[in-house]
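Q: Construct the entire structure; sequences and hints are all you get.
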Amino acid sequence: MAAEEGKVDPMKQFTIEPLMGSDWQLADGYNIAFTNSALWMAITAVLVWVFVAGGMKRELVPGRWQMAVETMTGFIDDLLEANVGKAGRKYVPYIFTLFMFILFGNLLGLVPVGLVPGVHAFTFTSHFTVTGVLAILSFSIVLIVGFAKHGLHFFSLFWPSGTPVFLALPISLIEFVSFMVRPFSLALRLFVAMMAGHVLLKVLASFVIAGGGAGLGLGALVGLPSFILMVAISALEILVAGIQAYVFALLTSLYINDAENLH
Amino acid sequence: MPQIDQIADTLSSQVFWLLVFFGLTFLVVGLGMVPKIMGTVDLRDQQIAGDLAAAQAARDAANSEEEAWRKRENENRAAAQALIAEAKAKAAKANEAKLDKAQAKLDKRLAEAEAAIDAARSSAMAEIEGVAADAAREIVARIAGTDVEPAAAEAAVKEVMAHG
Chain A
1 MAAEEGKVDP MKQFTIEPLM GSDWQLADGY NIAFTNSALW MAITAVLVWV FVAGGMKREL
61 VPGRWQMAVE TMTGFIDDLL EANVGKAGRK YVPYIFTLFM FILFGNLLGL VPVGLVPGVH
121 AFTFTSHFTV TGVLAILSFS IVLIVGFAKH GLHFFSLFWP SGTPVFLALP ISLIEFVSFM
181 VRPFSLALRL FVAMMAGHVL LKVLASFVIA GGGAGLGLGA LVGLPSFILM VAISALEILV
241 AGIQAYVFAL LTSLYINDAE NLH
Chain B
1 MPQIDQIADT LSSQVFWLLV FFGLTFLVVG LGMVPKIMGT VDLRDQQIAG DLAAAQAARD
61 AANSEEEAWR KRENENRAAA QALIAEAKAK AAKANEAKLD KAQAKLDKRL AEAEAAIDAA
121 RSSAMAEIEG VAADAAREIV ARIAGTDVEP AAAEAAVKEV MAHG
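Residue numbers (full-length UniProt numbering), protein chains in the order written: chain A, 1 to 263; chain B, 1 to 164.
FYI, nobody ran anything at the bench for these hints, they're computed from the structure. One should not assume that every hint holds.
[Stated by the list, open to error] If you only want the chain A side, here are some residues facing chain B, beta carbon under 7 Å, derived: (1) I16; (2) E70; (3) P112; (4) V113; (5) T129; (6) V130.
A quick note: this is a predicted structure, and the numbers were derived from the prediction, not measured. Here a beta-carbon is modelled for each residue, glycine too, at the ideal position from N, C-alpha and C.
A: The structure is reproduced here in structure tokens:
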């Protein structure tokens with residue numbers, strides 16, 4: 001098979017293909033074809049819903065599933081409590097959804113459904129269009145909360161307390177730039193981490209295929225180590241999937257803290 | 001890099017479907033389910049805290065109850081002890097009185113007996129005197145052939161006995 005196809009394109013996995021309705025359009029002409037990316041978002045949404053719905057028995061003594069769901073909500077609750085304080089509780093629904101959506105999206109991209117012929121896994125978090133929207137959502141919440149709660153006083157965020165007056169201008173410029181960079185760093189971090197991992201796995205997979213196709217000697221020399229490395233990196237990628245979801249939720253809660261508790 | 005190559009074609013679709021599915025998840029799961037789950041957790045925490053507080057209260061109540069019981073028990077014991085002591089004292093007093101009474105009775109009877117013995121002795125003595133006087137008179141009558149007046153004989157006997 002490898003000999004027939006020749007090379008494996010490590011970037012092909014990120015290609016978006018319309019599954020249906022490739023001519024669906026919003027009123028103003030924007031194309032909204034239902035793509036493989038949209039399909040995996042839908043699967044993610046359904047799985048998150050199934051996972052949380054399984055913990056809705058609301059028993060006094062929780063079963064395993066309920067315990068798992070309560071652990072997740074408790075985890076996000078603690079995260080917000082630690083970073084924002086008591087006022088953080090009202091952001092639990094958003095941060096929880098964000099965390100679970102990214103986590104499930106990351107993990108689903110690692111499920112080896114490619115073993116079934118014709119089915120291709122797709123990691124929508126490896127597209128900066130998606131991570132960008134999520135980052136803009138988080139950033140908008142920070143802006144809305146900040147200006148609604150503190151009004152124009154929110155601009156004092158760019159002037160850390162205790163800054164000498166003659167440093168006010170350069171410091172506030174730096175603070176402003178670092179503030180405006182936040183959504184980009186938020187979006188790019190997740191997108192790059194996801195894409196890099198998948199590219200690496202695909203490159204190693206091409207080594208395995210090429211090595212295996214080149215005979216016993218090269219197969220043992222290149223294919224086997226690459227395969228072992230793939231297994232190890234797959235484990236690492238599962239970790240990264242969790243960490244990146246956590247980092248996204250953590251940074252969002254930190255930014256919300258800036259808006260909620262202005263110094 | 002498809003992310004950049006396809007951006008013009010797919011941006012609107014990506015954004016639209018992400019907003020749809022993320023929004024649905026947020027509405028259904030985030031707003032609909034998460035507060036309920038957290039409510040369950042809070043309820044459980046409250047119940048546990050309440051149960052613990054109730055247990056603590058029950059324990060405190062039991063402790064104070066025991067303290068009160070101990071105090072009452074000690075008081076009762078002291079009262080009983082006092083009662084026993086009082087009864088003992090009373091009994092001892094009564095005994096003493098009874099003993100005194102008995103002693104007095106015994107003394108009286110002893111005195112009576114002694115008096116009776118004295119009387120018996122003196123009456124016996126008198127009889128002996130009478131008998132001795134009669135005997136003396138008869139002896140005198142037989143030996144000397146003279147009749148002695150009973151009174152004289154008696155006087156003589158008395159003198160002899162007083163000396164003897």
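Q: Please go over all the hints and tell whether each is borne out by the structure.
A: Cross-check of the supplied hints:
At about 5 Å, the closest approach between the beta carbon of I16 (chain A) and any beta carbon in chain B falls short of 7 Å, and the interface hint on this residue holds. Residue-level restraint check for E70 (chain A) holds (minimum Cβ-Cβ distance to chain B is 5 Å; threshold 7 Å). Annotation: P112 (chain A) was flagged as interfacial toward chain B, and the flag is violated, the nearest CB pair being 21 Å apart, outside 7 Å. Because the closest C-beta pair between V113 (chain A) and chain B is about 19 Å apart, greater than 7 Å, the hint is violated.
A hinted interface residue such as T129 (chain A) counts as satisfied when its beta carbon comes closer than 7 Å to some beta carbon of chain B; here the least separation is about 4 Å, so the hint holds. Taking 7 Å as the C-beta cut-off, the interface hint given for V130 (chain A) holds, the closest approach to chain B being about 5 Å.
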